[in-house]
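Sequences and hints are given; from them, build the entire structure.
Chains as they are written, first to last, in my numbering: chain A, 57 to 407; chain B, 13 to 208.
Since the hints were derived computationally from the structure, they do not count as laboratory data.
Where is the CB? At the ideal position from N, CA and C, for every residue including glycine.
One side of the interface only, derived from the structure: several residues of chain A facing chain B at Cβ under 8 Å:
no.: 1; residue: Glu-62
no.: 2; residue: Gly-70
no.: 3; residue: Ala-81
no.: 4; residue: Gln-365
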Amino acid sequence: MSGCAELSFNVDNGYLEGLVRGFKAVILKRVDYINLAQCETLEDLKLHLQSTDYGNFLANENEDLTVSRIDDKMKEKLFTEFRCLRSHSVQPLSTFLDYITYSYMIDNVILLITGAVHQQPVSELLPRCHPLGNFEQMGAVSIAQNSTELYNAIMVDTPLAQFFQDSLSEMNLDEMNAEILRNKLYKSYLESFHKFCKENGGTTKEIVCPILEFEADRRAFIITVNSFETDLSQDERSQLYPTCGKLNPEELRMLASAEDHEHVKAVADHHSDYKLIFEGSGDSSSDRTLEGRFFEYEVKLNTLAFLNQFHFGLFYAYIKLKEQEIRNIVWIAECIAQRQRSKIDNYIPIF
Amino acid sequence: LFLHFGTMNGHAILYTGVTVAFWSTLLIVGICYTIFDLGFRFDVAWFLTETSPFMWANLGIGLAISLSVVGAAWGIYITGSSIIGGGVKAPRIKTKNLVSIIFCEAVAIYGIIMAIVISNMAEVSYSMFGAGLTVGFSNLFCGICVGIVGSGAALADAQNASLFVKILIVEIFGSAIGLFGVIVAILQTSKVKMGD
Chain A
57 MSGCAELSFN
67 VDNGYLEGLV
77 RGFKAVILKR
87 VDYINLAQCE
97 TLEDLKLHLQ
107 STDYGNFLAN
117 ENEDLTVSRI
127 DDKMKEKLFT
137 EFRCLRSHSV
147 QPLSTFLDYI
157 TYSYMIDNVI
167 LLITGAVHQQ
177 PVSELLPRCH
187 PLGNFEQMGA
197 VSIAQNSTEL
207 YNAIMVDTPL
217 AQFFQDSLSE
227 MNLDEMNAEI
237 LRNKLYKSYL
247 ESFHKFCKEN
257 GGTTKEIVCP
267 ILEFEADRRA
277 FIITVNSFET
287 DLSQDERSQL
297 YPTCGKLNPE
307 ELRMLASAED
317 HEHVKAVADH
327 HSDYKLIFEG
337 SGDSSSDRTL
347 EGRFFEYEVK
357 LNTLAFLNQF
367 HFGLFYAYIK
377 LKEQEIRNIV
387 WIAECIAQRQ
397 RSKIDNYIPI
407 F
Chain B
13 LFLHFGTMNG
23 HAILYTGVTV
33 AFWSTLLIVG
43 ICYTIFDLGF
53 RFDVAWFLTE
63 TSPFMWANLG
73 IGLAISLSVV
83 GAAWGIYITG
93 SSIIGGGVKA
103 PRIKTKNLVS
113 IIFCEAVAIY
123 GIIMAIVISN
133 MAEVSYSMFG
143 AGLTVGFSNL
153 FCGICVGIVG
163 SGAALADAQN
173 ASLFVKILIV
183 EIFGSAIGLF
193 GVIVAILQTS
203 KVKMGD
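Right under this line is the structure:
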C-alpha cells in the first residue's frame with residue numbers, strides 16, 4: 057500500500073510525534089537569542105531563561121552560577137525529555153532512538169579513556185560525561201590498556217560492541233590512538249545507522265539519510281583538515297572516513313592524499329552545497345569558522361525534517377537542534393561571563 | 013525467496029509463508045481439475061443461482077456497518093493519538109480538535125443508518141449487497157482520509173492556532189466522500205424488486 061506509513065504510523069508513534077512537535081515548538085527563536093545576548097550578567101541570563109520553556113531549571117542553584125553549571129542543567133533537561141520519549145517508544149522507534157544515543161556513548165568512552173591516560177580519577181570524569189550516553193559499565197572503562205582489552209572486558213556487553221569490528225588493536229591507548237579509536241567507532245556507527253534508516257524506508261529514509269550522509273562527509277573533511285599538523289599517514293586517514301556519504305570513493309581517495317586546505321576545497325567543489333560551505337571560510341573577515349558553517353548547514357537540514365509527518369526523522373532532528381540550542385546558549389553565556397561581547401552574535405539561530 | 017529468509021523478521025516469514033501456501037494450493041488444485049477434466053465442477057453460474065438472495069442481502073447489510081466502523085475507528089485512532097501527543101505541550105487544542113473526531117464518528121453513523129434502512133426493506137434483493145458494498149467501502153476510505161487530515165490539523169493547531177480552521181475545510185471536503193457513498197447506496201436500494 058502506497059499510503060502505508062500514514063495508515064499505521066500513529067498506532068505506535070502518534071503520541072510521541074505529537075510530543076516531539078510540542079518540544080520543538082518551544083525551541084528558542086531569534087527574538088529570544090537577541091534578548092539573551094543583551095544580558096549583562098549570568099543572573100540576568102537566568103532571569104531571561106525563566107520566561108522560556110526552560111523555566112525554573114536553575115532555581116535551586118545557590119552557589120555562584122557558572123557556565124558549566126548552566127550547560128549541565130540544560131543537558132539534564134534534554135536527557136529528561138529524551139528518556140520520556142524513549143520509555144514510551146516501541147520497535148522500530150526504540151532502536152532508532154538507541155542509535156541516536158550511541159554517538160554520545162562513543163564520546164563518553166573516549167572522554168574516560170583520555171582522562172585515564174592523564175591520570176584523572178574516575179569520579180572526576182563521570183560528571184563530565186554526556187547524560188544521553190550513559191551506560192552501566194562506564195565506570196570500568198578506564199582500567200583498559202588497549203582497545204582489545206576494552207572490547208573483551210567491558211564493551212562486549214554494551215550496545216557499542218557491534219562497532220568494534222575494525223578497531224581492535226594491541227596498541228596502548230594514548231591520546232592519538234584514542235582519537236583514532238573514536239573516529240573508527242564513529243565511522244562504524246554512522247554506516248550502521250545509515251543502513252538501518254535505509255532498511256526502514258519511506259519518509260524516514262528520505263529525511264534522515266541525507267542528514268547522515270552530510271555528517272559522514274563533514275567528518276571526512278574535518279578529519280582531513282585536523283590531520284594536516286599530525287603525522288597521520290594517508291592509509292590511516294582513509295581508514296577513518298565513513299563511506300556512507302555523498303563523496304564517492306574517488307573523492308575520498310583525493311581527500312586522503314590532500315596536503316593543504318586548497319586540495320580539500322577542490323574536492324568540496326564537486327558538490328554544490330559543500331562548495332558554498334567552503335566558499336567564505338578561507339578569508340579571515342568571515343564571521344564563521346569552517347566548523348560553524350558545517351553546524352549552520354546541519355541546522356538547515358534538520359529543520360526540514362519537521363515539514364513531513366509520520367516519520368522518525370523528527371526525533372533525530374529534535375535532539376540535534378536542542379544540542380545546537382545548548383551550544384548557542386553556552387556560547388552567549390561564555391561571552392557574557394568573560395566580558396568579550398564582540399563575538400556574542402556568533403550563535404546559529406535555529407527558527 | 014529462500015535466500016532472503018535470513019534477513020527477514022518473524023512477521024515477514026509468516027506472511028510470505030502463508031502467501032506461498034495459499035497460491036500454490038490454488039495453482040495445484042486448478043491444475044488437477046484441468047488434468048482430470050473436472051473443469052465443469054467449477055461452476056460460477058450454479059453458485060450464483062443456487063445461493064439464496066437472502067445471503068447476499070444480509071452480507072450487504074453486514075458489510076455496510078462493519079466496513080464503515082473500520083473506517084471510523086481507523087480515523088479516530090490516527091487523529092486521537094496526535095491530539096493527545098500535541099495536547100501535552102499545547103493543552104488548548106484538546107477541546108477544539110474533538111471536531112475532527114466527530115467527523116470520523118459521522119462516518120460510522122452513515123454506515124449504521126444505511127444498515128438499518130437496508131434491513132428494514134420489505135422485499136429482499138441482490139442490489140442490497142451492492143448497496144452495502146458501496147456505502148461500506150466509501151465510508152472506509154472516508155474515515156481514513158478524515159483521520160489523516162485531522163492528525164495534521166491537530167499538530168498544526170498546536171504550533172499555530174490560526175491554522176486549525178483552514179485545515180478543517182479540507183476535512184469537510186473529505187467527509188463529503190462518505191456522504192456520496194450513502195446517496196448512491198440509497199439510490200441502489202430504492203429500486204428493489206425481485207425477479208418478474
